[in-house]
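Trainee: Each chain, written out:
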Amino acid sequence: MTDISRRSLFNLATGGLGFTAAAHLLGAGANPPAHVGLPGLPHFAPKAKRVIYLFQHGAPSQLDLFDHKPDLAKLRGADLPASIRMGQRLTGMTAYQTKFPTAPSIFRFARHGPGGTWLSELLPHTAKVAGEIAVIRSMHTEAINHDPAVTFFQTGFQLAGRPSIGSWVSYGLGSDCQDLPAFVVFVSQGKGNSQALADRQWGSGFLPGKFQGVKFRAAADPVLYLSNPEGYSAQARRRYLDDLAKLNELKLADTQDPEIATRISQYEMAFQMQSSVPGLTDLSKEPESVFDMYGPDSRVPGTYAANCLLARRLAERGVRFIQLFHRGWDQHSGLPRGIRLQCEQTDQPSAALIQDLKNRGMLDDTLVVWGGEFGRTVYSQGELTATDYGRDHHPRCFSLWMAGGGIRGGLTYGSTDDFSYNVTEDAVDVHDLHATIMHCLGVDHTRLTFKFQGRHYRLTDVKGSVVKGLLA
Amino acid sequence: MLFGILLAAAVPLAAAVEFNRDIRPVLSDKCLACHGADAAAKKIRLRLDSEAAAKADLGGKRAVVEGRPEESELIRRVANANKALRMPPAHTGHSLSDAEIATLRQWIAEGARWEKHWSFLAPERPAPPAVSDAAWVRNPIDSFVLARLDKEGLKPRPEASKETMLRRVTLDLTGLPPSLAEIDAFLADRSPKAYERAVERLLGSQRYGERMAARWLDAARYADTNGYQFDGERVMWRWRDWVIDAFNRNQRFDRFVLEQLAGDMLPGATLDQKIATGFNRNHRANTEDGIIPEEYAVEYVVDRVETVSTVFLGLTLGCARCHNHKYDPFTQKEFYQVFAYFNNVPELGRAMKYGNSPPVVPAPTREQQALAAAVDAKTAAAEEFLAKREKEIRRGQRTWESKLEAGRWTPVEGLHKAFAAGETEARGAFDNDDRFSFSLTASSSRVPDGPLFSRMANGEKGKGYGLYFRQGRLHAHITNSFADDALRLDSEETFGAGERRIVFTYDGSRTAAGLNVYVDGKPVSKKVTQDTLYRPFRNAGAKFDEPFRVGLGGGKDQRFNGTVSGAAVHSRALSLEEAQAMAIAVDAAARKPEAERRPAESNALRRLYLDTAALPAVREGQRKLTALRQERETLERTFPTVMVMAERPVPKPAHVLIRGAYDKPGEAVQPGVPAILPPIPEGAPSNRLGFARWVIDPANPLLARVTVNRFWQMYFGTGLVKTVEDFGAQGEWPSHLELLDWLATEFVRTGWDVKNLQRLIVSSAAYRQSSAAAPELIRRDPENRLLARGPRVRLAPESIRDAALASSGLLHERLGGPSVKPYQPAGLWKELIMQDMDYVQSTGPGLYRRGLYTFWKRTVAPPMMLNFDAANREACVVRESRTNTPLQALNLMNDVTFVEAARFTAERMMKEAGASRDARLRHGFRLIVGRAPGAKEQEVLRDSLAWHLDYFATSGQAERFLAAGDSKRDASLDPRELAAYASVASLILNLDEAVTKE
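Top line first, the protein sequences correspond to chains A and B.
With my numbering, letter number 472 in the first sequence gets 681, and the count goes up by one each step, no holes.
With my numbering, letter number 188 in the second sequence gets 189, and the count goes up by one each step, no holes.
If you're looking for bench data, these hints aren't it; they were derived computationally from the structure.
Values in this document were obtained by computation on a predicted structure and should not be read as measured data.
Some hints here could point you the wrong way.
[Unchecked claim] In silico lysine to any residue, SDA-like type, Cα no more than 25 Å apart, as pairs:
id : chain 1 : residue 1 : chain 2 : residue 2
1  : A       : Lys660    : B       : Met88
2  : B       : Lys969    : A       : Phe415
3  : B       : Lys528    : A       : Thr303
4  : A       : Lys660    : B       : Ala596
5  : B       : Lys523    : B       : Ala596
6  : B       : Lys43     : A       : Thr303
[Claimed, not checked] If you only want the chain A side, here are some residues facing chain B, beta carbon under 7 Å, derived:
id : residue
7  : Ala407
8  : Leu435
9  : Glu439
10 : Gly440
11 : Arg447
12 : Lys455
13 : Met482
14 : Thr594
15 : Gly651
16 : Gly663
17 : Lys677
18 : Leu680
Here a beta-carbon is modelled for each residue, glycine too, at the ideal position from N, C-alpha and C.
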């Protein structure tokens, strides 16, 4: 659907109002209808109305956070057995290594919550909400390098070009919110080794561009071009838009092109965003207790903590898909120090978000996902010392957690071998994860499709099964 | 889909069912995913992708029994009341409508006639049909359009007004709005040929080539960076400029295609023909550490196949990468046969992090070529000057030779530094993408060992470059990161005690092939141990500021176990002949009779004599010659390069890749084309050039159709085949098949004349209709597929900005050149990327160039382009897309680009239109929209201006408002007044009409 937007079609299809009448209504400031989603969607009653996806970019080490392997201590420094490695391909960074010394985590693990979830000492705050989250230890992916791996998580395919998950969701389900985009993205900088991200990771691929994620930035303009030019007041803008609408209406009456009615309504929505977004991103009215919960970083714009708090505020306003990217998890060397810094930035706010949603009665219908694009190797990349090691990329198994709408809390799902190298039970691949997220939203992942280049594409490509064991 | 319903309602079924129009789309979309060419893989017996299979007897049942719908298993199954038996199965998400089932039934009852898919049949030139109103017809396009309207009971709209027409055709042919002078001249031209004259003027404008190129860049996934994660810069603008030029000089379209596919393989290929092949190097290239190069080498070839099949054939061949095509008659093997044509490029799976990856060619611009030619002419004259004095030189040289003392020749040309005896350190220079050489004499009484010359950080595996002896074997390296970002090679030969003249030369290519070492004039046999140098030092971490060291380097106590003398560094790659001459002991050579001297000896003596001992006039001549050669070398350094296609001498074997995986090769394949299409023309070679000849062969049923359809989309917003990227079974049935075929055959008949095709379309009465329409028509045909009105389409993303710059007078109309970086909100790159690649905004004219010159970084594309639905430049995109969003509104109202353009327009309003407010408003409106405002519009503008005059008079904000942008405001104008006019100009720039071609 390219040339004429859905909304103008909507105006056409619903008929009733003449174009000019509709335009008058819109010009008079009535809320334009938000994108209503596709007919027939959701396919069944959803458990979650929205998603907050906390993407840990760079790939956090499952071995140091979730996948407890106490027996590895005995094997410290021993070469990874060939029976475990099974000739699995390595990245070009460790392929030349002659030794693959086993590097047990130096962090202590303990069980938490009613389900006795194993978590490392790096996640003391997450431990407090262990009863709410389901840790999947049996995630695996096909990609071994960052960009294809993130692209795979975001779009269900390793090469760029397909719509991101948030675009699919906003295309299928539309928005519950009149004055904010349906799919909002935040990016924050970690303290570890950062890999590059790309705008296309929240792009709409072959879906119409209006479904792409809108990045909110910690800048004077949280949304690009949001602020009026210097010296031009909101009052002036209001007058300007009224005049603009008058002129556009004259044109509409003349040509009858419904696209003009759409444009008038989009300018109105832009104006609403101009007032709603600054209010949204202004945290000054949040009480002290909230900042205490999310941690001191939450007062600093652009941090992961501040973005977690903003995510909650967006969720409250009905934004459908909120995605945070936090960079800096790529610890090829100096992992113990690097991961500690990353956790200091992310553990408390992630847990606070869960608690905050719960306190507000929103956790039941908000799905929260926390995880990176692959895992890390059990063997050390570079030298293994008593206090230091690095870990290379590892796609064959890693951990990720989900919480909230539709998910059984306190659960640990799936398992891996003694080296956290291969999945041994209840494997979950990226398509399965996508299918499960869609399921929580009331969407049958096989039936949300878009025809492009002759093919009916879907987020899960030709695969994906809902992981029933994760569902509440 | 609602559109389908609306259009179907508008286009009722004709009495008789047509297989291609009515049946194939249903079978394809609803059945072939399982019952298609890939059925065997799913262990499904019934196939519906061919007539024989669909009518075959499968154990007493036949899917299609001609004339007998009730006996046909197909009907029994699709219309089965039992849900468990009904096809398609519910889990596929597909189902047939009652209307579709009725059509299938009717088709079988009428005999179940099968047809080859329409687009695989060569177009036959149809005669223009008879129409109700012959007077309306301006050219054959109109006959086809009107015949369809007659059938639908519709009448065409009257011709658009002159102003609308001029703006429409100017935007379509140049991407810019008409200037006021052009509008006035056109309105004043009362002759019946006024429009045709305007069209000719526009086709002759250089802006025409830019406009046409913009869409071609989308199709060719052109960008200024490599994409993927690291996304470093590349240099492909010479290819972009070649495209603009090709359109401007109206290159035949078949040649345009041929040269882009295989220009490098044409006999005596010119530089331009090589540059053209950049088309197939525009794909993304992965440079990330740790990738598996073979994996991405396959992706690049796949990208070429997908792009070529989309752009030139309108086919989705890429769907046959992992399995047989589900809908179209292409096997997986055929995919890899086409793959084989594009698999033979001597390229890297892991590309260069910064700059172009091989194969590349230096691609001087026309101006640079002219400069080089001028230097060459002067060089020839200088050579002639010396040649004329040959006798005199010989005489002088003989005398000089008789008294010659021991010594060696070192080239003067490009000498960067000559080390004095005992001098071991000097300030370093040259990055690893520069050309440079160094030379020295090494002498050792033992097996030589240790550093000869280096420029590197301390440590054996450090960053930098150096030449060593390692136990008698020469070792040369250029290193960023020892593990994976370096060139390293050893000599096969080993050397013992003794003295040798050694020369290291490097051509800046970042490949081992470009690094050579000569010992006593002989190139050593290179054993390359690493050939992966991806980054210049300047882009690889900490600043690289090491000195040159003679006899030292690569670690604290590393030194040569002998003596190094006569060291020199040159700022160019010395040649083999020079290295040979440099090895000559000149006194010994001089003692030989002239006839017995080796060429290197003669050369060394001659060069040394000319450089140092000849008569003043000759030495001056020689000095001039050297200076000219140096000038040429310096000039060459400024030449941009461009990535091009090239062939390996020995073809790289191609295989079917099982499930498309790079590491699962299956059956070996030879190059070839899909069997359903015509064969390779007789006599064409079995390589990429042969493939290119096949693509442009008029027997190919697709190239002309796909091309004219894409051009049609440019004018009407939608192609005659809406799925411009897919002419296969899943593509949409053409709205006007005969028109498409007529245009395609006309295009070929006129010698693939691109401008002629544009002229034909814009001259048609169909194109010249008014785009205003009655609501009933819009409701009936929202996408204007029936063409009962003129096109009304939002401008392309770059055109929206270009138009604002043009009407304000800010546009800098320079053709071609390196990409520029106009205004962009600060920090956009920094937020997402990892390396030292920052967005350094252009200044001056670079801020005001047309959008197709804007630097396109793949991972962080220009935000305005993204907002307005630009193709993403990740992979080939040919379908135009337009959405309507609040972000676009914010962009147009608040982006400094448009605020500054509004101010400039306001200055024009105040300075060019006298003192009356009405005249000024009218002027601004005309500048932007190309017509005078109506009375009601004028009234709104007047009120708005009055309000803004008051606002700026009372708010005191005028100066701040006017400060937007790099340019200074005209200080002679009253700021409050100017700010008010600028506000109204912004208002006009934001009108729907301003961003729409109507």
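Trainee: All hints are to be evaluated individually against the structure, with a verdict given for each.
Mentor: Status of the hints after comparison with the structure:
{"no.": "1", "hint": "A:Lys660 / B:Met88", "in the structure": "20 Å, holds"}
{"no.": "2", "hint": "B:Lys969 / A:Phe415", "in the structure": "42 Å, violated"}
{"no.": "3", "hint": "B:Lys528 / A:Thr303", "in the structure": "24 Å, holds"}
{"no.": "4", "hint": "A:Lys660 / B:Ala596", "in the structure": "79 Å, violated"}
{"no.": "5", "hint": "B:Lys523 / B:Ala596", "in the structure": "22 Å, holds"}
{"no.": "6", "hint": "B:Lys43 / A:Thr303", "in the structure": "39 Å, violated"}
{"no.": "7", "hint": "Ala407", "in the structure": "3 Å, holds"}
{"no.": "8", "hint": "Leu435", "in the structure": "6 Å, holds"}
{"no.": "9", "hint": "Glu439", "in the structure": "4 Å, holds"}
{"no.": "10", "hint": "Gly440", "in the structure": "3 Å, holds"}
{"no.": "11", "hint": "Arg447", "in the structure": "11 Å, violated"}
{"no.": "12", "hint": "Lys455", "in the structure": "5 Å, holds"}
{"no.": "13", "hint": "Met482", "in the structure": "6 Å, holds"}
{"no.": "14", "hint": "Thr594", "in the structure": "19 Å, violated"}
{"no.": "15", "hint": "Gly651", "in the structure": "16 Å, violated"}
{"no.": "16", "hint": "Gly663", "in the structure": "3 Å, holds"}
{"no.": "17", "hint": "Lys677", "in the structure": "17 Å, violated"}
{"no.": "18", "hint": "Leu680", "in the structure": "20 Å, violated"}
Hint compliance for this structure: hints 2, 4, 6, 11, 14, 15, 17, 18 are broken, all remaining hints hold.
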